[in-house]
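Visitor: Given the sequences, and given the hints that come with them, work out the whole structure.
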Amino acid sequence: MDNENHTTGSAEPHLGAPEDAGGVRVDTQDRMVIRFAGDSGDGMQLAGNRFTDAAAIFGNDLATLPTFPAEIRAPAGTLPGVSSFQIQIADWDILTPGGEPGVLVAMNPAALMVHLEDVREGGILLINEEAFDERNLYKAGFESNPLDDGTLAGFDVHLVPMETLTKAAVKGSGVSGRAVLRSKNFLALGLLLWMFGRETEVTARWVEKKFAKMEAVKNANLAALKAGYNYGITTESFSRQIEVRPASLPPGTYTNVNGNTALAWGLIAGSQLSGLPLFYASYPITPASDILHELARRQNFGVKTFQAEDEIAAAGVALGAAFTGALAVTGTSGPGLSLKGETISLAMTTELPMIIVDVQRGGPSTGLPTKPEQSDLFLAVWGRHGESPLPVVAASSPSDAFESAVEACRIALKYMTPVILLSDGYIATAAEPWRLPDLAGLPRFEVPFAAGPNAGDRFLPYLRNMETMARQWAVPGMPGLEHRIGGIEKEETTGNISYDPENHQLMTDIRAWKVANIANDIPEIEVDDPDGADLLVLSWGSTSSAIRAGVGNARNEGIEVAHARIRYLSPFPANMPTVLSSYKQVLIPEMNNGQLSRLVKAEFVTPVISLNKVTGVPFTAQEIAAKIMELAGR
Amino acid sequence: MSYTRVDFQTDQEVRWCPGCGDYTILAAVQNFMAGLDIERENVVFVSGIGCAARFPYYMNTYGMHSIHGRAPAIATGVAIANPRLSVWVVGGDGDLLSIGGNHLIHALRRNVDLTILLFNNQIYGLTKGQYSPTSEPGKATKSSPAGSLDYPFNPVSLAIGAEATFVARTLDMDRNHTTSMLKAAHQHRGSSLIEIYQNCNVFNDKAFIALTGKQERRENRINLVHGEPIVFGADREKAVVWEEGRAVIVNRASVDPSRIIVHNAHAEDASQAFALSRLAHGPYGPTPLGIFRDVYRPVYDDALEDQVTRSKAARGNGDLGKLLTSLGTWTVE
Ligand code: SF4
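Chains as they are written, first to last, in this note's numbering: chain A, 1 to 634; chain B, 635 to 967.
Since the hints were made in silico from the structure, they are not lab data.
Nothing here was measured: the structure is a model prediction, and the numbers come from that model.
Among the clues, some could well be false.
[Stated by the list, open to error] Derived EDC-like pairs (lysine to aspartate or glutamate); straight-line CA-CA distance at most 20 Å:
{"hint": "1", "chain 1": "A", "residue 1": "Lys-584", "chain 2": "A", "residue 2": "Asp-529"}
{"hint": "2", "chain 1": "B", "residue 1": "Lys-956", "chain 2": "A", "residue 2": "Asp-438"}
{"hint": "3", "chain 1": "B", "residue 1": "Lys-817", "chain 2": "B", "residue 2": "Glu-675"}
{"hint": "4", "chain 1": "B", "residue 1": "Lys-956", "chain 2": "A", "residue 2": "Glu-403"}
{"hint": "5", "chain 1": "B", "residue 1": "Lys-848", "chain 2": "B", "residue 2": "Glu-871"}
{"hint": "6", "chain 1": "A", "residue 1": "Lys-584", "chain 2": "A", "residue 2": "Glu-560"}
[To be verified] Heads up, incomplete: computed chain B residues facing chain A, CB under 10 Å, no partners named:
{"hint": "7", "residue": "His-699"}
{"hint": "8", "residue": "Val-721"}
{"hint": "9", "residue": "Pro-932"}
Where a beta carbon is used, it is the ideal one built from N, C-alpha and C, also for glycine.
Guide: Structure below.
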């Protein structure tokens, strides 16, 4: 069974009535999952992304899930070398990239080996048959050729001579030798566009722009794209096309964005809303590096990026920039967050605003660097020496990464505190349609800059705004406000070194209170509970989409269940106790071994049911629905 | 505005051990700062952890006493965020060469506009007397009762190897020499490193006696002066010449004067500066002091600022609305 259902539809994906279109049947479906799979050199990510754009511009709702091999140079043709890209398109508000594909494009035996078991019964297989030679079959671990040994019985199989077709198509384009076959992903894409009744224009325009400076490559790709499309029209082998109609999304202007890009843009928005230059220091690490790449291209926004010598330096450089009055950000993934801990504690105790982005991946240690996990929550909330509380904000989807980044900036600046912003490997690379926000409507940030001396003719760096408890920010270059701060405990108000026991108690309490008080300055959690349910499912981070979908599935089965997503994990929103006490049962599904569960249990002394998984594969809606049904006694 | 030393003093009690070399360095820096033509608010001192690292608390400028080893990284952030500031790093040999060695070499190679004062006392003082990365081999300390097995760094060689554009060495006891090194380092745009031999009279007293003793100092100090032949000794009877590709010390009388190396601190190629740094691996005999190397290379913070300015000029000030639609959009009515 597929894993996400139209909230008003049936549990099974329904096949619409076939229509006749000149000998070709048109199946109308409310959604379809398509997976592109091939060697990492086969250009599957590119093909998937182009198909995504075509679907988005057509007006489908969609969600994508790219999967990269962990090793960049895994040998060609082998199982570890397989790269894939999954997209679910739908005519309604889809939430996840789906489970079992209805269409699989397999560029070689290894791709078929890895992905065949996921394809749903009767699914369409588009296979590059010429890659199925003895050597490739052996490398993929096939003992006999699956194309003719009955393995594929029950599927709608299309063997396409992709290499011959590509060679013929690109003749005369100017590419030669091994480069010829590089265009075969465009051939496959062209065929798929035909199959889904999409024109090739959107893709062709992209090719022309992208390869404008490489005439031969451009021509080869365009020719292969066209050839794939025409192959669909002319060959008898294809007897059906699939139609997925445009979704009815709320009105607005949409773009298709992945989480790393949206997060980077959110930081730029934070810079504009605060009027502070954005400074981003980072050390390359999967899956966070694309944030660095995106921001490095944005110097005309006044953005300065810095590739540091290590994770610790990246945090230090950002802290130096924070001291100097920039909107300072450092980005990383789990192992880097461990390394940055000491610096984050210094930022915390010097009370400087700074944002630390953690794009979580499977851990511990190098773990599963290309797979998502939510297992850095404890590290974010508690992972520092000393009493070092700080706000933690988590993005829940690619488009939500924008708003979450804006929020992280707002809180850091208003309260003069480092803020940890959590994303994960799924949010980072997955894409979804995003309704663009009204930028003019975003409120500008309060930044507590010191205006001048604040105690007679002196400047006391730890004099506070009694409402927010934020200290004033005096940055080098401001005359008369020269002051020293540091890691040794500071005397309240003066900031001078103090070893006084009472003062340390006081400062520790103030810092904790300051962070706890932020609970009153963040939105309350909203519970989606149409029926007055007894069971509440709490979600955070990227699993929220699958959880929302799973809750929908369960409701379709007649089960009453509520859902709330938490963006602010430290401090929790002020209405958490009320919400929790309104339900008999609370279920928390997470891609970890129960970290939010434990936080909630510890903080609110309330029983919680955990649903945990750390396979590197996001939850499916079905897994969530199954757990809800189990709790409902079904 | 003109300042006096008092303007750079703070109300904080200076807490170094009586007799520590840090006092004379602090006085030299405060005096030097008072004579400069930059406003106090544009000066930032960043330090790590250690005895020397208390320095910013005693300078009435902007300052941060940060994390063990991380001062070069934090100072890099300060300098890059605002290239108009005068940014200083203060740290000891443990701070900058051991736990912070990585940040030091990368700051030097990037040529961020920082002046780094490396207080080298060849011992861990704050933690009460363990051997450091510049302690002599075999040194018996609390953590090496049978003698240290570590081979020490030569900080000047290290800095030159790390592509530093300004490298000098001076001594806490010699205020005039220290001041002239501070001046030259301050005038140098880009990263500068001054190794300051600093006596820790509590845990490593007289480590620099070969250069500070009444008689020894006359014999052992090799003063490097750009454009001048390298001769030294109580009666200037020693000279430095090339021999088999190395700089070596000879009796001046034994060589033709034309063979004596004329110091060139501005040579593009770092070979000669490096060779001179190898004349002494520690302050135990004849040891060069002064400016080893002072060359120009594009400065990181200026270059980054320049990229931002040029990007704005070429593409116009960033428009977030346009950026959000740059991947293509569609409209749902
Ligand atoms: S321990 Fe040594 S270096 Fe530290 S303050 Fe005392 S004398 Fe100076």
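Visitor: Hint by hint, note whether the structure agrees.
Guide: Against the structure, the hints come out as follows:
1. A:Lys-584 <-> A:Asp-529: Roughly 14 Å separates the two Cα atoms, so the pair holds.
2. B:Lys-956 <-> A:Asp-438: Roughly 12 Å between the alpha carbons, so the hint for B:Lys-956 and A:Asp-438 holds.
3. B:Lys-817 <-> B:Glu-675: holds (19 Å)
4. B:Lys-956 <-> A:Glu-403: holds (17 Å)
5. B:Lys-848 <-> B:Glu-871: holds (18 Å)
6. A:Lys-584 <-> A:Glu-560: Between A:Lys-584 and A:Glu-560 the Cα gap is close to 12 Å, so the pair holds against 20 Å.
7. His-699: holds (3 Å)
8. Val-721: holds (9 Å)
9. Pro-932: violated (16 Å)
Hint check: a violation occurs at hint 9 only; the rest are consistent with the structure.
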